[in-house]
Amino acid sequence: MTLKFKRASSSSRPWRASHILGALLALATPAFAVLGCHQPAGASPGITIEESIAPQPVRTAEETISIRLADPAHQPVTGARIQVEGDMDHPGMAPLFADAHEVAPGRYTAPLHFTMPGDWVVLLHITLAGGQRIERQDPVRGVQPN
Amino acid sequence: MTTPSAAPSPPAQRERLSADDEFDAAPPFDLLAFPVIGPLLRWRHSRTLLQIPLFAISVVMIVEGFFGPTLSPKNPATVLTWVHFRGALVLAILLAGNLFCLACPFMLVRNGMRRWVHPRFTWPRALRNKWIPVALFVLILFCYELFGLWSSPWLTAWVIVGYFAAVLIIDGLFTHAAFCKYVCPIGQFNFIAAAVSPLEVSVREPEVCLDCGTKDCIRGRRQHPSTLVVLQRGCELALFQPAKFGNMDCTFCLDCVHACPHDNVGILSRLPAGELMSDPQRSGIGRFSRRYDIAALAVVFCFGALMNAFGMVSPVYTVESWLKRTFHFHSQAGALGILFAAVIVIEPAVLLGLAALLTRAWGGVKRSWLAIAVRYAYALSPLGFGMWLAHYGYHFFTGLYTIVPVTQNLFAAMGWPILGEPRWTLVGLPKTVVEPLEFGFLLLGLFGSLLVAWRLAQDDSENRPLRAFIPWGTLCALLFLCCVWLIMQPMDMRATLGAG
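For the record, the sequence lines run as chains A and B.
728 is the number of the first residue of the first sequence in the working numbering; add one for each residue after it.
97 is the number of the first residue of the second sequence in the working numbering; add one for each residue after it.
Rather than coming from a laboratory, the hints here were simulated on the basis of the structure.
One should not assume that every hint holds.
[To be verified] Some chain A residues judged to face chain B by a derived CB distance under 7 angstroms, without partners named: (1) D814; (2) D816; (3) H817; (4) P818; (5) A821; (6) P822; (7) M843; (8) D846; (9) V848; (10) G869; (11) P872.
[As the list claims (entries may be wrong)] Derived coverage of chain B by chain A (criterion: at least 3 residues anywhere in the stretch with Cβ under 8 angstroms from a Cβ of chain A; other residues may be distant): (12) 168 to 176; (13) 237 to 247.
[Stated by the list, open to error] A few chain A positions that, by computed beta-carbon distances, are all more than 12 angstroms from chain B: (14) I774; (15) E777; (16) A781; (17) E789; (18) R808; (19) E829.
A quick note: this is a predicted structure, and the numbers were derived from the prediction, not measured.
Backbone N, C-alpha and C define an ideal beta-carbon position, used for all residues, glycine too.
The following block holds chain A by itself, in its conformation from the complex:
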C-alpha cells in the first residue's frame, strides 16, 4: 500500500522545480570550487616584504619576527606601522598581538611569544607612511614545545 501526502499530490510542476534546483547546484558547485581556491591575500603596492623568525626551530617561547620592507627600487620603506598577529590555525584559540619597531631603515622587529605547540599563522598588518595598508599572511608550521 502506498501512502500519499496531501500537499505533495497537489503539485503539477514537480519536474521543473527539481530540474532548476539541480541545474543551479550543478552550476554553483564548480563556481564555488574555482572561486574558493583563489582568495586574494591582500594587495601590495609594489612593496617587497621579507619576513623571518628567529631562533629556529620555532618553540613555545619568545621569538623575534623580523620584517624588511623595500619599494620597487629596492630602497628601504621607512616609517611604516606594523602590527604582528599570531593565530593558531585551529579556531577558538587566543590570538597574539605585538607592535613592530623600526630598528634600521626599512627593518622592523617584533617579539612574539608562541603560547602553544602546533601550526600557527603570522599576520602582518602594515600601514605605510602614506596611509596605504598591506596585509600579509605566513604560515609557521610545527611550533615545538619548549
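Chain A is already provided as a structure; the job is to place chain B on it using the hints.
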C-alpha cells in the same frame, strides 16, 4: 542478524512497563507540559521554525567557507563548525536530548525537495543496519586528522555541501528517513550519545496505547481511515511508540507527538543511560545484544573519542614519526591509517575480547565470548560520551566568544560595520575554569559506564555479579585513565601532520 520489526509485541510492552516501573518511581517530567517551550514544540511547524535559523547559518557557513577569510580562526564556517556546533551538540545531548536532529537543517531542504520529488525505492534490506554510518563515522574522523579539516574553511564548506548533496540524493531516491537511519554519521553519533540524555520521546500512559486502533504514531494521521491521504506523517524511522525503548534512532522530530490522536506522546524525563542497563526488544531496532552493528557503533564512539583527542596532543607526532620510519611510509595517510586501525579496531578487539573471556570464566556467564563482548560494549558509551564532552566542551568554552569578532568581521566585510570593529581578543573562558569541567565530564562518564556494566553483570550472574563486573570495571577504569592522561597533555594542533 534479524531485521528489526516495527510491530510491537505484548512481551515487549510488558518489558517496557516493568523497566519504566523500575527506574521511574515518580511521575516523569514532561517537557511538552512546560510553559512556553511545551506549546512551542507542540505546534505543528515547530521543527521548521527551529530548522530555518540553522539552515540560514549553514548557507552563511558555505558562502563564507568558499569566499570568506582563508584563515580558519576568522572564518564563520570553521569557527561555528569546529568550536560552537560540536560543543553545543554534546552539551544539548547531556542536558536535554537529541536537539540537533530536531533542528537539522539538512532535513528542512530534504522536506522541501520531497514536495516535488517522490522517492520510488525502499532502502535495500542488506543495508538496513549501521555498518555504513559506522564506516562513514570513522572516515570523517580519519579525514579530519589527515586533511586538518579544522584549519580549512574551504574543506569545511565542502563537507557541509557534501552533506546537503548526500541527503538530497539518498532521500530523493529512497522512501522514509533512509539517510537518518542508515547513513548519517552525525545522526548515529547523536543516537548513541543520547543514551545518556535525561529526556526521551515516549508514551505518557502505556495503557492508552493498548486500546489504540489506529497506530497513527507510526502510520501517520489520515484524512479518513479509509483514505490514503496522510495529513500528519508518523515515525519515518520505524519507531512504534508503545514498543519504543530509549533514544536510539529517535531524531526528536516529534512527528509521533503531532500524529497521536490521544495526545499520549510526550518528551519525558528518565534515568540517563538507563536504557543501556537492560536489553528489551526495541521497536525498529530489536535487541541491542543481537545488533553487532550498533555495538560496533558504541565501540567506535568510545575509542573514536580517544583517537580524536589523541590527534590533538604532542605525543601523536612522535608515534606517527615512528610509524613512518618503521614502515617506510612516504605519505601521512599510511601512518595515520595504522594508528586508526590500532586505536579503533585492534585495541578494542583485544580489550573487549579479553574482558569477555574473563567474564565468561570468572562470572560463569553462559554466553559466547562474542555475545558477552557485544552486550557489554554498550557500557562504554557513557565514558566515550564523557570524553567527547571533555574534548568538545574544552573547545566550546575556551573559544566561546570567538563568534563575536567573527560576526563583526563578517558584517564589516560586507561593508556594513554595524557591530563595530572586530575584537579579536575576545576568546572564551579561562582554562582554569574549563579544565575542572573536563574532569567532571570524564568522571560522569566513568560513573555511567560502571553503573551500566554493574547492572548488566547483575543480570548475567546472579550469584557472582562482582566477578562478572570486575573485567569491565577494570576496562572502564583503564580507559578513564587514558582519557585523563590525554586531557593533561599539552595541546598541539598541526594540520601539517608531516611536520612531526
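Quick rundown of the hints versus the structure:
1. Interface hint status for D814 (chain A): upheld, as the beta-carbon distance to the closest one in chain B is roughly 5 angstroms, under 7 angstroms.
2. The closest approach between the C-beta of D816 (chain A) and any C-beta of chain B is roughly 4 angstroms, which is under the 7 angstroms cut-off, so the hint is satisfied.
3. With its C-beta approaching chain B no nearer than about 4 angstroms, H817 (chain A) sits inside the 7 angstroms limit, and its interface hint holds.
4. The interface hint given for P818 (chain A) is met, as the beta carbon of that residue sits about 4 angstroms from the closest beta carbon of chain B, less than 7 angstroms.
5. Annotation: A821 (chain A) was flagged as interfacial toward chain B, and the flag holds, the nearest CB pair being 5 angstroms apart, inside 7 angstroms.
6. For P822 (chain A), the interface hint holds, since its Cβ comes within 7 angstroms of a Cβ in chain B; the closest pair sits about 5 angstroms apart.
7. With a cut of 7 angstroms, the hint placing M843 (chain A) at the interface with chain B holds, because the nearest CB-to-CB distance is about 6 angstroms.
8. Interface restraint check for D846 (chain A): the shortest CB-CB distance to chain B comes to about 5 angstroms, inside 7 angstroms, so the restraint holds.
9. For V848 (chain A), the interface hint holds, since its Cβ comes within 7 angstroms of a Cβ in chain B; the closest pair sits about 6 angstroms apart.
10. Because the closest C-beta pair between G869 (chain A) and chain B is about 3 angstroms apart, less than 7 angstroms, the hint holds.
11. For P872 (chain A), the suggested interface contact is upheld, since its CB lies about 6 angstroms from the closest CB of chain B, less than 7 angstroms.
12. Against chain A, the segment 168 to 176 of chain B contributes 6 residues with a C-beta closer than 8 angstroms to a partner C-beta. That satisfies the three-residue criterion, and the hint holds.
13. Counting residues of the segment 237 to 247 of chain B whose CB lies closer than 8 angstroms to any CB of chain A gives 3, so the stated coverage by that chain holds, three being the minimum.
14. No Cβ of chain B comes within 12 angstroms of the Cβ of I774 (chain A); the nearest lies about 21 angstroms off, and the non-interface call holds.
15. Even its closest Cβ contact with chain B, about 21 angstroms, leaves E777 (chain A) beyond 12 angstroms, as expected for a residue assigned away from the interface.
16. No Cβ of chain B approaches the Cβ of A781 (chain A) within 12 angstroms, the least distance being about 19 angstroms, so the stated non-interface status holds.
17. The beta carbon of E789 (chain A) sits about 18 angstroms from the closest Cβ of chain B, which is more than 12 angstroms, so the claim that it is off the interface holds.
18. Annotated as non-interface, R808 (chain A) keeps its C-beta farther than 12 angstroms from every C-beta of chain B; the closest such distance is 16 angstroms.
19. No beta-carbon of chain B is positioned within 12 angstroms of the beta-carbon of E829 (chain A); the least distance is around 24 angstroms.
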